[in-house]
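Colleague: Sequence:
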Amino acid sequence: MIGRRFRGSLLRIALAVFVIGGFVWFFGIRMPGRNISAAATLNESELALRAELMGDVKTLAGDIGERNMNRYPQLLLRIHSRQFASFAGFTASGAAVLPKSQR
1 MIGRRFRGSL LRIALAVFVI GGFVWFFGIR MPGRNISAAA TLNESELALR
51 AELMGDVKTL AGDIGERNMN RYPQLLLRIH SRQFASFAGF TASGAAVLPK
101 SQR
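Numbering (our numbering), first residue to last: 1 to 103.
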């Protein structure tokens with residue numbers, strides 16, 4: 001038969017594993033907050049922002065494409081022109097956005 005000390009040791013080890021597993025689940029795996037089943041509807045400004053971000057991502061991923069060192073100088077020029085085209089007319093602080101060469 002299994003001795004009392006051995007059963008006590010097994011019980012303590014199993015309890016320790018269970019407690020450690022509970023801490024790992026609670027602090028590492030479980031998602032905090034409540035579970036949201038449906039996303040909230042977007043207002044007009046959020047829809048416009050979403051469309052603008054989707055356009056930027058499509059331009060960077062689709063039009064400009066891969067970041068290959070052999071083609072890197074051409075890609076930088078395309079990214080640079082895209083950035084200044086997207087900031088055209090942006091003068092929220094009262095200062096126009098210009099390339100470094102035009103400052």
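Just so you know, not all the hints are guaranteed correct.
Stated by the list, open to error - Derived DEER-like restraints, expressed as beta-carbon distance ranges:
1) PHE27 to VAL57: 47 to 57 Å
2) ARG5 to ILE29: 27 to 37 Å
3) GLN74 to ILE36: 36 to 46 Å
The set of hints was computed from the structure by calculation and includes no laboratory data. All values reported here derive from a predicted model rather than from experimental measurement. Idealized CB from N, CA, C, for every residue including glycine.
Colleague: None of the hints should be skipped; say for each whether it holds.
Modeller: Right, here's what the structure says about each hint:
no. : hint                       : verdict
1   : PHE27 to VAL57: 47 to 57 Å : 33 Å, violated
2   : ARG5 to ILE29: 27 to 37 Å  : 34 Å, holds
3   : GLN74 to ILE36: 36 to 46 Å : 44 Å, holds
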